[in-house]
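Each protein sequence line maps, in turn, to chains B and H. Under the working numbering, the first residue of the first sequence carries the number 1260, and numbering increases by one thereafter. Under the working numbering, the first residue of the second sequence carries the number 1260, and numbering increases by one thereafter.
Do not rely on the hints blindly, as some may be mistaken.
You can't tell identical chains apart in this list, so a pair holds if it fits in one copy or across any two.
What the hints assert, rightly or not - As a list, the in silico EDC-like pairs of lysine to aspartate or glutamate whose alpha-carbon atoms are at most 20 Å apart:
id: 1; residue 1: Lys1466; residue 2: Glu1518
id: 2; residue 1: Lys1265; residue 2: Glu1428
id: 3; residue 1: Lys1338; residue 2: Glu1294
id: 4; residue 1: Lys1373; residue 2: Glu1510
id: 5; residue 1: Lys1374; residue 2: Asp1361
id: 6; residue 1: Lys1526; residue 2: Glu1356
id: 7; residue 1: Lys1329; residue 2: Glu1437
id: 8; residue 1: Lys1274; residue 2: Asp1401
id: 9; residue 1: Lys1470; residue 2: Asp1308
id: 10; residue 1: Lys1282; residue 2: Asp1401
id: 11; residue 1: Lys1515; residue 2: Asp1361
id: 12; residue 1: Lys1373; residue 2: Asp1361
id: 13; residue 1: Lys1373; residue 2: Asp1301
Since the hints were derived computationally from the structure, they do not count as laboratory data.
So you can see what is in the structure, the chains are spelled out below.
There are 2 protein chains.
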Amino acid sequence: MEIFRKVSDMQAFAKNAIREGKKIALVPTMGFLHEGHLSLIDRACKEADVVIVSIFVNPTQFGPTEDLDKYPRDFQRDKDLCEARGASAIFAPEPSEMYAPDRSIWVDEEKLSKKLCGKSRPIHFRGVCTVVSKLFNICLPDVAIFGQKDAQQALIIKRMVRDLNFPIEIIVSPLIREASGLAMSSRNKYLTAEQKEDALSLSRSLKTAEKMIAKDGLSACGAAVEAMRAEITTCNGEIDYIECLDSSTLEEPTDKTTELLIALAVKFGTTRLIDNILIGV
Amino acid sequence: MEIFRKVSDMQAFAKNAIREGKKIALVPTMGFLHEGHLSLIDRACKEADVVIVSIFVNPTQFGPTEDLDKYPRDFQRDKDLCEARGASAIFAPEPSEMYAPDRSIWVDEEKLSKKLCGKSRPIHFRGVCTVVSKLFNICLPDVAIFGQKDAQQALIIKRMVRDLNFPIEIIVSPLIREASGLAMSSRNKYLTAEQKEDALSLSRSLKTAEKMIAKDGLSACGAAVEAMRAEITTCNGEIDYIECLDSSTLEEPTDKTTELLIALAVKFGTTRLIDNILIGV
């Protein structure tokens, strides 16, 4: 497995693979890999000849009061995991390699990014779109794999690929949970044992909401969200949002809606967790 | 020569050329081609095996009061010219093929685009960056040729390629003038005979400024701009801007400046013309 720190080296590797007629898959990550990430690598290995995992804690998608500095990192462990799961290369640049001091170009999404996490993280998706555009141009993949855990991100990246005509197929791979139901996240590391127990209210309440909507359809959305709100608050969760939206537009569901996204962001102590579920209607 | 109207057909052609190991050059234009454009095609033919000319009057780079609707078009003539100059393909999509009704992604430059033309055309360079990103992803060139006529555009596109890591070399080809000195432009078609005569004051005054700066160096910038202003005003030009800046930063020249850009935008009647000159210092 190759490890690249420089944009030019990564791009040369990718161009060479293309010249050899190989299909490239990219798995963009911020490292500190868990089984969720590894399931994306597994999917990438099924899709392509060459699998590139990028490991980059992207400063431009963190707000000034967010956890950029304490975001967990363990490159040696990530490297071993990537190698064991069959990745061909890791791209792990320093921030200074990715961003020039006088950089002045942003890729911005102006509709979907205003909803859900965008309300409390106003610059987040601009940072994501910009860095993912860069990673696409550096790694030149035929296919890129994103996790359904970051449902809004996956939707925005698909929109970006459509609107900027990137010659790339986006695959969204299912959310992976611990046996307890807790959605896997690098940020779970921040939780105390007690907070981790409290955080089970997220997946539990999503299941409750799913049952209510399976029984009564769209009309149950309001009550389902209220039930979730009650359960999570009881478990000491500080709710940023819980919303039940059309999964393709992130607008209120209408009679044209065929799939719902129930998405939430909740803080336990200082740790902000997200989770979601898709429900066909 | 192939003509493509659909993004998917153009992208398939480009991917196929890449698979065959060919080098692709892109010449992005808004059509109504003149010798300035044709010199870009000539340069592209020297650089690559496959030369794609895009012809697209991009609505997102025109402001609401600008000349989108009356912008001159003559596809048959453009097609014949491209073929005669050795282009391999034309990409000429309709606006509806390029922009979905619910499009929501923009590529934006936030520093260089605030200067010069950006002051009176605030959305112009956002439209340019967005459409050029799209054309890059659709035509997949190794090299793209832009004209020095649009000096600010060329600088912003180079910045975009650097900041988003497009795997593309940008070549900026010299400004081409008519024998009279008038910079070639599709918009020259709008000028009456008298306005065309008046518009010669642009190139004439740039030459005057060049001589003043050749003689007295950077310290002559202010006087040179004033002399230009007087000459152009005398010839009925309504000045949008005349500026003498560092050609790489578009900031006021400093002792680190090695090249000046004198750039201007001037209206004759309702027709807005731009012109510029580079001066080593």
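Subject >> Violated constraints from the hint list, given by number and in increasing order >> reply: When the structure is compared with the hints, numbers 6, 7, 9 and 13 turn out to be violated.
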